[in-house]
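In order, the protein sequences belong to chains A and B. Sequential numbering of the first sequence, starting at 1, is according to our numbering. Sequential numbering of the second sequence, starting at 1, is according to our numbering.
All clues stand as given, with none of them false.
Cβ-Cβ distance ranges computed for the label pairs, FRET-style:
id, chain 1, residue 1, chain 2, residue 2, range
1, B, Thr219, A, Tyr95, 41 to 49 Å
2, A, Lys222, B, Leu206, 33 to 41 Å
3, A, Ile144, B, Phe86, 49 to 57 Å
4, B, Lys51, A, Pro199, 22 to 30 Å
5, B, Gln123, A, Ile8, 51 to 59 Å
6, B, Phe188, A, Asp92, 16 to 24 Å
7, A, Pro199, B, Tyr10, 43 to 51 Å
8, A, Val189, B, Leu206, 43 to 51 Å
9, B, Arg139, A, Val203, 35 to 43 Å
10, A, Ile144, B, Ser211, 32 to 40 Å
11, B, Gly172, A, Arg85, 20 to 28 Å
12, B, Thr136, A, Leu133, 52 to 60 Å
13, B, Phe7, A, Gln2, 49 to 57 Å
14, A, Leu118, B, Ala126, 29 to 37 Å
Just so you know, these hints were derived from the structure itself, not from any lab. Quick caveat: nothing in here was measured; it's all calculated off a predicted structure. Think of the CB as a built atom: it goes at the ideal place given N, C-alpha and C, for glycine as much as any other residue.
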Amino acid sequence: MQELLINIFDKPLGIIIAQLVSATRFTVYLSLIAFVGGGIIALLITFLRIYPSKILNFLSFSYVWLFQSLPLLMLLFLIGLGIPRFVGQDFDPWYAASISLIVFTSAYLAEVWRGAILAIPKGQWEGAAALNLNFLQTLRLIIIPQVYRYSIAPTVSFLIQIIKGTSLAYIIGFQDLMLLGKRWANSPVIGSEPFIIFPIMAVLYFCLCYPLAIYAKQLEKKYSIEN
Amino acid sequence: MFDFRFFEIYRSSEYMNLLLDGILISSGLSIASGIIGFLIAFILAASIYWKIKPLNYLSICWIDFIRNTPLIVQLFFVTFGLPLIFQYVWPFWAHALLALTINFTGYFGEILRSGFNSTPNSQLEAAYSLNLDKLTIFRKIVLPHTLIKMFPSLSSQFIFIFLTTGIISEIGVNDLTHAGLYIDSRTFRTFEIFIVLSILYVALSLSFKASLEFVFNKTLKKRM
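My request is simple: use the sequences and hints to build the entire structure.
Following this line, the structure appears as structure tokens:
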């Protein structure tokens, strides 16, 4: 691919674009890790949030509240710089970035999913109770199939936030599109000025995010008509 | 090895002054860019609502582009790219203000656009049947409806962007995060200072939330 890009854009720019495109894959990996890991934790948190137990409700509420009000940047600094200094041991930026983004994602997704569950009329719960279904059966048979429709569109649009959030991970030395682009923009090579590099990076991020935005819009339309 | 030494931060008046300045600069820049961004976003959304021909397509592209690229790329382009193209020299905070304003226009524009479109048709039909002209309908019906309905989204979006403004420290603005990094480099109490910063950010966002709610109750609630 690099030869093709060099043929199209000539020497410095073709190499830069090839490198930026190949660095984009780390952005994608980190987003996927954050989305899958955060999704699993968010499922647990959402479950605890609606489970009929005051203590568990409060714990999950505090988790969501705490990590929703903490800036992602502070999470990255705390986990990537603060904790290694505190315990006196270095962390791989991969771990630090993944953990911060997973925590960030889980708090927001849990809130989105809880909102979707609250959107379900109370009568559904009462109907399930009248049928003598227990809590798990109610969730599995009645609530989750409906929550799915409410929550899929906001979940996809939150994925965009995650992808944009990964761009902050360069601050703790995570090697992704952002770090490489910044390095190229700082380099004295002619043809890698900041006003060329940053638009290329913006376009790459746009190519990752915009399809998801369109998909989210379509899902929203699909499910709003059905309801 | 495991020790918390917060006193190194709060005993030094230099550090406390830095943090205070950081709070003022962070919140000041966010509020200023939020207000300017809201006004520009209003123009963009109004152009889409009224279908003013070339401007509305440009506005849609602008909003979509801003919403799908990270703030930090926009910030770096505005700070390091634009001055090279147009040959100007600004202080750091002005670049940060411009970048944040650009970011706010995108998000607020989308919220306002969907707010304008969500005006109930029955109200519009009632207004047409009263033979109100287009401007009056917009001013008296669409706008209050949008502001009331979209105020929660606008305020939570404002707080979300406020929480990401820490990255303007990357271009050298003396904001709260910058103060934290400076203190960290002087004292090596990394963990402690970032806990302090986190608490400050949470407190600031809570007070923003409370004051926005106060504004809402004072101005818009009586029209609900």
